[in-house]
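Q: Start from the sequences and build out the full structure, keeping to the hints where you can.
As they're listed, the protein sequences go chains V and R. The working numbering numbers the first residue of the first sequence as 1 and each following residue consecutively. The working numbering numbers the first residue of the second sequence as 1 and each following residue consecutively.
One should not assume that every hint holds.
Mimicking EDC-like on lysine to aspartate or glutamate, the simulated pairs with C-alpha atoms at most 16 angstroms apart in a straight line are [stated by the list, open to error]:
| id | chain 1 | residue 1 | chain 2 | residue 2 |
| --- | --- | --- | --- | --- |
| 1 | R | K252 | V | D273 |
| 2 | R | K252 | V | E133 |
| 3 | R | K379 | R | E269 |
| 4 | R | K80 | R | D328 |
| 5 | V | K55 | R | E273 |
| 6 | R | K230 | V | E3 |
| 7 | R | K77 | R | E335 |
So the derived list for chain R, only partly shown, Cβ under 7 angstroms to chain V, looks like this [said to hold, decoys possible]:
| id | residue |
| --- | --- |
| 8 | G51 |
| 9 | L254 |
| 10 | K363 |
A short list of chain V residues far from chain R (calculated; beta carbon distances all over 10 angstroms) [claimed, not checked]:
| id | residue |
| --- | --- |
| 11 | P63 |
| 12 | L161 |
| 13 | I191 |
Source of the hints: derived by calculation from the structure; they are not laboratory data. In this text the structure is predicted, and so the values were computed from the model without any measurement. Ideal Cβ placement from N, Cα and C applies to all residues, glycine included.
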Amino acid sequence: MTEFIQHLVNGLGLGSMYALIALGYTMVFGILQLINFAHSDVYMLGAFFGYYVSKFFNLSLHPGYGSLSAALICSMVGCAIVGFFIERFAYRPLRKSPRINVLITAVGVSLFLEFGGQLLFGADPKYFAPLLEAGEPIFIGGVQLNRIQLIVLGVSLALMLALQFIIFKTKIGRAMRAVSYSHTNAALMGIPVDFVISFTFMLGSALAGAAGILVALTYPKIDPLMGMMFGLKAFVAAVVGGIGNVTGAVIGALIMGVAESMVIGYLASTYRDALAFAILIIILLFRPAGILGKNVKEKV
Amino acid sequence: MRALHLAIFSALLLTVSCLKKEGPAVNVTGAGGSVTGDEIVIGEVGSMTGGAATFGKSTHDGIMLAVEKINAAGGIKGKKVRIISLDDQGKPEEAAIATTKLITQDKVIAILGEVASSNSLAMAPIAQKNGIPMVTPSSTNPKVTEIGDYVFRVCFIDPFQGSVMAKFAYNSLKLKNVAILRDVKNDYSIGLADFFIETFTKLGGKIVVDQSFSQGDVDFKSQLTSIKGKNPEAIFVPGYYTEVGLIARQAKELGINVPLMGGDGWDSEKLTEIGGEALTGSYFSNHYSPDDMSEGVQKFIADFKAAYNRIPDGLAAMGCDAMLILADAMTRAPELTTVAIRQALADTKAYPAVTGVITINAKRDAEKSAVIIEIKNGKFIFKEKIDP
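A: So this is what it looks like as structure tokens:
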């Protein structure tokens, strides 16, 4: 039983990391109906920003909340800038094109970042020295937890609430929702559409930057292709939860994490990746809009 | 998709290695070749990038050290040696492409590489088919040289390495219950785990659980949680250093305080960089230890340090040995043709290489001793030497 609960805790830890990335996917989709495949590579860039910032300022010599927050802020700002440029130069020129063109461009941007990253950072994995010591493990009835797991879970839930707040309670959030219904009508109401879309991208990319740092804190090996599988899983999580729905993304991610953890614990590790896509297929068959998604009939 | 390729490929390889219990699996259909110009061109395939990048880099440095020495002494039969080195990113499919390119475009006379057995297994059939001698410095999986009579190695093989670690665990560490955590995407890891289990259970030990992961994974907590539930006295992790470092770290986080054990795939300074303190008290088997006080080893270390300003790891020493053995065979061969070089390689007897005296046996493997290394506070400490 203890083992089962430990698997559950491990799974929630893994799921909360998927959640951090899934939040960005789902928000951009919710506002723009665009699957931003480059999102998982912005997450990779986030980890590398953190790596170089921490190397430059020797942050890992003084691990603690201060260093972690410094790296987090630098990486979120860096990623927001990258997000702005990706939107400005890759997606905005295609705003009026069919959606498939934008989708293919997203794949292109993703590949560009992955292999450009290999060129720039080198293809060999880097070791990201921890910015926060895991500290003494916390035991709760034989189940083991550590500070980092709690922080990651806490941060992803906090970001989820913050996103809900921004989208539903602020002026810019109202503008984002308006743009998501209709670009033209929003523009007629005096909403600066370009600005709102840029803001959405920057917000999503900042989330990816935070995810990069927090994932690297747990798995201190980073490489330019680290976003591929992890990002794909996070994307599946967003779809499972109902893409476009912020709470759904977190729920989907936690389900994915726990399911993976259980499969490895009780079956075999080789089913790990297959499982993610099996869940996706099942959800698409029985609940095409995802767990929390609303089924919207598209008019032809 | 890549996983699927790998699965099909390894299935093919398995069939190949089963079929060819008698005689070579792959027949020589190519013409081989001979040295025509005034230099000897040798190809090298290694993982200069990717998750096993230090393997390729160390091996390359070792090879180049040997080449400099050979060329400074006037070359082989008056001809200078030139190495063409290609990166395979640690991927079998890239290794196969690189081998084909070296043979067909660069017209190399022999090939050195790879470290990873999965990559060598992808290269060997191509070298064999074209009749080009291939010497792998440190692929320890037995299947590699079984591909054909043009494939050689200068290191020991996994049945030996596995039994060394099993005996060490049972006799020296007095362990009875051991867990296995193997990399199922890696021929080396699968083979080594099997040979460890074979010897360990024969001695009377028990394997309490056999878990697996895939190269490139970063999360091993679920496997380790299952292992923890079985209360092993040690965990045998025959993987490569990147994953092993992360495994060690996560094992500590889960409160697993038993030693980890592994093979020569651990040999990299990156291992302790990633794993840190979590690896203290763990053991692995290797080809050589820099603490070995023999004259040959110490001279090699001094030369290597002068050239690259760092202590060579085992793979650098093996790279140097592979080149030295190949050069020795070329010197002894009556003429510089692939056929004559192959024969001379097969005839190698008691050659005094860096990591020991090497004799190539009838299966084209080297018979030599292994060392066991203990990790203490991020340092590799020589523990004991075990002869075959």
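Q: The structure should be examined with respect to each hint, and the outcome stated for every one.
A: Okay, the hints, checked on the actual structure:
{"no.": "1", "hint": "R:K252 with V:D273", "verdict": "25 angstroms, violated"}
{"no.": "2", "hint": "R:K252 with V:E133", "verdict": "13 angstroms, holds"}
{"no.": "3", "hint": "R:K379 with R:E269", "verdict": "9 angstroms, holds"}
{"no.": "4", "hint": "R:K80 with R:D328", "verdict": "14 angstroms, holds"}
{"no.": "5", "hint": "V:K55 with R:E273", "verdict": "15 angstroms, holds"}
{"no.": "6", "hint": "R:K230 with V:E3", "verdict": "10 angstroms, holds"}
{"no.": "7", "hint": "R:K77 with R:E335", "verdict": "9 angstroms, holds"}
{"no.": "8", "hint": "G51", "verdict": "6 angstroms, holds"}
{"no.": "9", "hint": "L254", "verdict": "6 angstroms, holds"}
{"no.": "10", "hint": "K363", "verdict": "31 angstroms, violated"}
{"no.": "11", "hint": "P63", "verdict": "12 angstroms, holds"}
{"no.": "12", "hint": "L161", "verdict": "26 angstroms, holds"}
{"no.": "13", "hint": "I191", "verdict": "42 angstroms, holds"}
The structure fails to meet hints 1, 10 from the earlier list, while all remaining hints are met.
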